[in-house]
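Novice: Could you slot chain B onto chain A? The hints should help.
If you're matching them up, the sequences are chains A and B in order. Numbered by our numbering, the letters in the first sequence go through residues 1 to 455 in order. Numbered by our numbering, the letters in the second sequence go through residues 456 to 873 in order.
Heads up, some of the hints might be wrong.
[As the list claims (entries may be wrong)] Quick look at which bits of chain B chain A covers, simulated, 3 or more residues with Cβ under 8 Å:
(1) 567-581
(2) 640-648
(3) 680-691
(4) 795-802
Worth flagging that the hints you see were computed from the coordinates, not collected in a lab. Here the structure is a predicted model, which is why all the values come from computation and not from measurement. Don't be surprised by glycine CBs; every beta carbon is placed ideally from N, CA and C.
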Amino acid sequence: MDRMKPLDPQWAWQTFAPSNERPWNRALAAHLYRRAGFGASVEMLDEAVSREPAEMVRQLMAQNFEANEFRETADQLAQTILASGDAKKLSAAWVYRLLLTPTQLLEKATLFWHGHFATSAEKVNDAHMMWDQNRLLRQHALGSFPVLVQSIAQDPAMLIYLDSAINRKAHPNENFARELMELFCLGEGNYSERDVQELARCFTGWEVKNKAFRKNRYQHDTESKSILGSSGDYDGEDGVRVVLKQPFLELFLARKWYRFFISDEPEPSDELLQPLANVFREHDLQIAPALEMLLSSNLFFSEHAIGRKIKSPVELVVGTLRGLSGTANTQVVSSGLLQVGQGLFYPPNVKGWDGGRAWIDSSTLLGRANLIGKILDDDVTRFSGQKLTDYLGDRGITTALEAIEYFEQCLFALPLDDSTKSRLSDTFSVTAAEPERQLRSLLHACSSLPQYQLG
Amino acid sequence: MSHSANSNRRRFLRSSIGGAAAIGVGSVIPDCLVRAVASEGNRDERILVVVQLSGGNDGLNTVVPYADDAYRAARPKLAIPTSDVLKCDDDVGFHPSLSGMHDLLANGQLTVVRGVGYDQPNRSHFESMDIWHTCRRKDESRPDGWIGRFLDTQTNDSGGDVAALHLGREQQPFAIASEKIRVPTMKEMSEFQLQGRDRQSLRSLLNANVATEPNPLAKNASEPNDLLDFLQSSTTSALAASQRVTEAAGSYASDTRYPDTELGQKLRIVAQLIDAGLTTRVYYVQLDGFDTHAQQPATHAILLRQWSDAISTLVRDLDTHGHADRVCVMTFSEFGRRVAENASEGTDHGTAGPMFLCGRGVKAGIFGNRTSLTDLHDGDLKHEIDFRQVYASVLKNWLDTEPLPILGGDYKTLPLFS
Numbered sequence: 001m002d003r004m005k006p007l008d009p010q011w012a013w014q015t016f017a018p019s020n021e022r023p024w025n026r027a028l029a030a031h032l033y034r035r036a037g038f039g040a041s042v043e044m045l046d047e048a049v050s051r052e053p054a055e056m057v058r059q060l061m062a063q064n065f066e067a068n069e070f071r072e073t074a075d076q077l078a079q080t081i082l083a084s085g086d087a088k089k090l091s092a093a094w095v096y097r098l099l100l101t102p103t104q105l106l107e108k109a110t111l112f113w114h115g116h117f118a119t120s121a122e123k124v125n126d127a128h129m130m131w132d133q134n135r136l137l138r139q140h141a142l143g144s145f146p147v148l149v150q151s152i153a154q155d156p157a158m159l160i161y162l163d164s165a166i167n168r169k170a171h172p173n174e175n176f177a178r179e180l181m182e183l184f185c186l187g188e189g190n191y192s193e194r195d196v197q198e199l200a201r202c203f204t205g206w207e208v209k210n211k212a213f214r215k216n217r218y219q220h221d222t223e224s225k226s227i228l229g230s231s232g233d234y235d236g237e238d239g240v241r242v243v244l245k246q247p248f249l250e251l252f253l254a255r256k257w258y259r260f261f262i263s264d265e266p267e268p269s270d271e272l273l274q275p276l277a278n279v280f281r282e283h284d285l286q287i288a289p290a291l292e293m294l295l296s297s298n299l300f301f302s303e304h305a306i307g308r309k310i311k312s313p314v315e316l317v318v319g320t321l322r323g324l325s326g327t328a329n330t331q332v333v334s335s336g337l338l339q340v341g342q343g344l345f346y347p348p349n350v351k352g353w354d355g356g357r358a359w360i361d362s363s364t365l366l367g368r369a370n371l372i373g374k375i376l377d378d379d380v381t382r383f384s385g386q387k388l389t390d391y392l393g394d395r396g397i398t399t400a401l402e403a404i405e406y407f408e409q410c411l412f413a414l415p416l417d418d419s420t421k422s423r424l425s426d427t428f429s430v431t432a433a434e435p436e437r438q439l440r441s442l443l444h445a446c447s448s449l450p451q452y453q454l455g
Numbered sequence: 456m457s458h459s460a461n462s463n464r465r466r467f468l469r470s471s472i473g474g475a476a477a478i479g480v481g482s483v484i485p486d487c488l489v490r491a492v493a494s495e496g497n498r499d500e501r502i503l504v505v506v507q508l509s510g511g512n513d514g515l516n517t518v519v520p521y522a523d524d525a526y527r528a529a530r531p532k533l534a535i536p537t538s539d540v541l542k543c544d545d546d547v548g549f550h551p552s553l554s555g556m557h558d559l560l561a562n563g564q565l566t567v568v569r570g571v572g573y574d575q576p577n578r579s580h581f582e583s584m585d586i587w588h589t590c591r592r593k594d595e596s597r598p599d600g601w602i603g604r605f606l607d608t609q610t611n612d613s614g615g616d617v618a619a620l621h622l623g624r625e626q627q628p629f630a631i632a633s634e635k636i637r638v639p640t641m642k643e644m645s646e647f648q649l650q651g652r653d654r655q656s657l658r659s660l661l662n663a664n665v666a667t668e669p670n671p672l673a674k675n676a677s678e679p680n681d682l683l684d685f686l687q688s689s690t691t692s693a694l695a696a697s698q699r700v701t702e703a704a705g706s707y708a709s710d711t712r713y714p715d716t717e718l719g720q721k722l723r724i725v726a727q728l729i730d731a732g733l734t735t736r737v738y739y740v741q742l743d744g745f746d747t748h749a750q751q752p753a754t755h756a757i758l759l760r761q762w763s764d765a766i767s768t769l770v771r772d773l774d775t776h777g778h779a780d781r782v783c784v785m786t787f788s789e790f791g792r793r794v795a796e797n798a799s800e801g802t803d804h805g806t807a808g809p810m811f812l813c814g815r816g817v818k819a820g821i822f823g824n825r826t827s828l829t830d831l832h833d834g835d836l837k838h839e840i841d842f843r844q845v846y847a848s849v850l851k852n853w854l855d856t857e858p859l860p861i862l863g864g865d866y867k868t869l870p871l872f873s
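Just chain A, same shape as in the assembly (with noise of 0.2 Å):
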């Protein structure tokens, strides 16, 4: 499997610097768009080719808040469902952010931190506060990992999930303590269990009462712990402090961006991983300097990257949408993420998705072509607010071929061979009798090829 060439870390987190053979187009800027975002119709992709690739990245990078008007009608519209209490429903309102956010990269990166502090509605039942938890991760996204962190720790949404809403000193919960170190920031093997039990003490007393965070200083444990070689009377930010400390962390996250937002296999080594890992604990732990680093790398850009990742159900529909300046009902796209395996505020346990060639089985693999099927049949789903006729018509296509042409340049990760093409319009083609359905069909099509599947 591993057929790659150890590359050259120095060459690898580099800054991209176009040139002749690799010039900076349309392609590349898309994957900018898929990975950085979910994607960008053609015009946005022009708009980006005119521009170099780092101001591109330093761009996407500066748009680390929502602005107030779109933030306050997303807002609006996740009370109205709020007020309903049904978390199922909840994640429609994430979905219409997903669909139309300006700010691409935060709404990723809170998706990202949304797998790596995997909080499930199933469990934790409240609408309202699994909505707080995503507030909460959307404003640390882009910002300190240390204090995201702290955060999560006391965001009851996270403590109830995790078991942790009592813990009494007389016999402490483990759970927490155990994910923290395992999932959340060191990985499996860089703790013993003696370091989770005694952690596990420092969180004695934090509690969720009337769904809030409290701690109860009566049910807190304050003798001297000793964790991962440190001791002291540590209560939970201070066992927090010490597990972000361990040398281990900034490899363990920096394996976990690369996974996410550069390619799902073969598994880097630790020694191409450790300049990104440098700059992030260089910088105190502050995500951003990391992630634009990784996002303008010779690396992002070269082949090792383009092309090298399933799309998770979200990059799919979102993705496809959001290349054609699509808009569709929220519930369908909600209710259909779920079907898939990715229901939004439902990850499938506290390791979040795993993702890669986990989001594929004859199931899931149906289940997408049934899904964007689904979505393309609804009259409500438009592009640009038009027919998909009068939006492709518009950019002067018509035929089949144009179309299959078009979706290349805006949809698909890596070109299509001319007989997948003349294949795709022989079956599909498009005459005057009822084009909105047959492009619709043709669509469909395009987006159930296994190579669709690849972002």
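Specialist: Chain B only, in chain A's frame:
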């Protein structure tokens, strides 16, 4: 019984060949059905149904050492009262939710293996589950799972049927990962097929795309893209499996009422597919929620009832259809839980726990010594039996396969089958 199963299968094969030809789905399906007819002898092969209890089942409150004072001392709030225990002998009994399993034991169709675990136990859900799935530790190469390796040893005479099938909404278990075969997952029968007006053209497009161009991007990429190969073979397998499984399940009638739970409904489909004569050797289902760190009693009672009711219904149903002597249902969990309860009326991650084998082929009873509740390691049980010994017994004595290359070590088999 075997006569009715046989004619049932013939009927199914006839109807699906006719159906496939009538709607003209191309060459893929009729071809594999023809092979299925030719290899009808395989339908007597033994089948394994694996049931995974995810989250770490509390073994001590499942198979309860009710006569042990140390049990009550460690579990002041959580111990099952002696009067509620469904007694198996003078030492142990079952959680009151397990009436179905208790009946199976009485009917000679259940063996409980006590104290199953492994050396240097890992208490992470994910790492421990990976160890159970692959039989390898983290520092070793783990490209596939133990069932996947078993499937790799099987010659390709399954008549075009899927070698194994995973049923459920969860991610595919690592155990069935193979380097050669793509095991399908079926989330729900109704979703397990292409839908919409264009499904026929879409099906032929996807089949053609895979058939004539194994790697259409090869000329565009300077390095091979393994992910693309994976997606293409998965697509072929999905299309074939979807057609075959949906048709097979359609032709089943049973008087047995399955519990109206997800697990019950999944096992009903398993019974349908077995009865339709699919040559699939392994079925895999999961039941999640056993990570009972807090407020354990109510949750655990519900989960155990779901598990016990569904499994015992399956075994009964297979019995009426004459398949119980060739199906073994094996249940495991990634670890047991801490002997002492915590302050949230729950239990934390532990180590050893019981495994369960059901069906007519097992040697019924409680196997293994009582695990000591006082001689502990770090508050956890010491295991008596390595889980790979149970796997070895299943592979050798049930699936007639040499366990050594699959398990990567020589594990002593146990007398679990009659």
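Novice: A separate judgement is required for each hint: does it hold in the structure or not?
Specialist: Each hint tested on the structure:
1. 567-581: With 5 residues close enough to chain A, the hint holds.
2. 640-648: With 7 residues closer than 8 Å to chain A, the stretch 640-648 of chain B meets the three-residue bar; holds.
3. 680-691: holds (count 9)
4. 795-802: holds (count 6)
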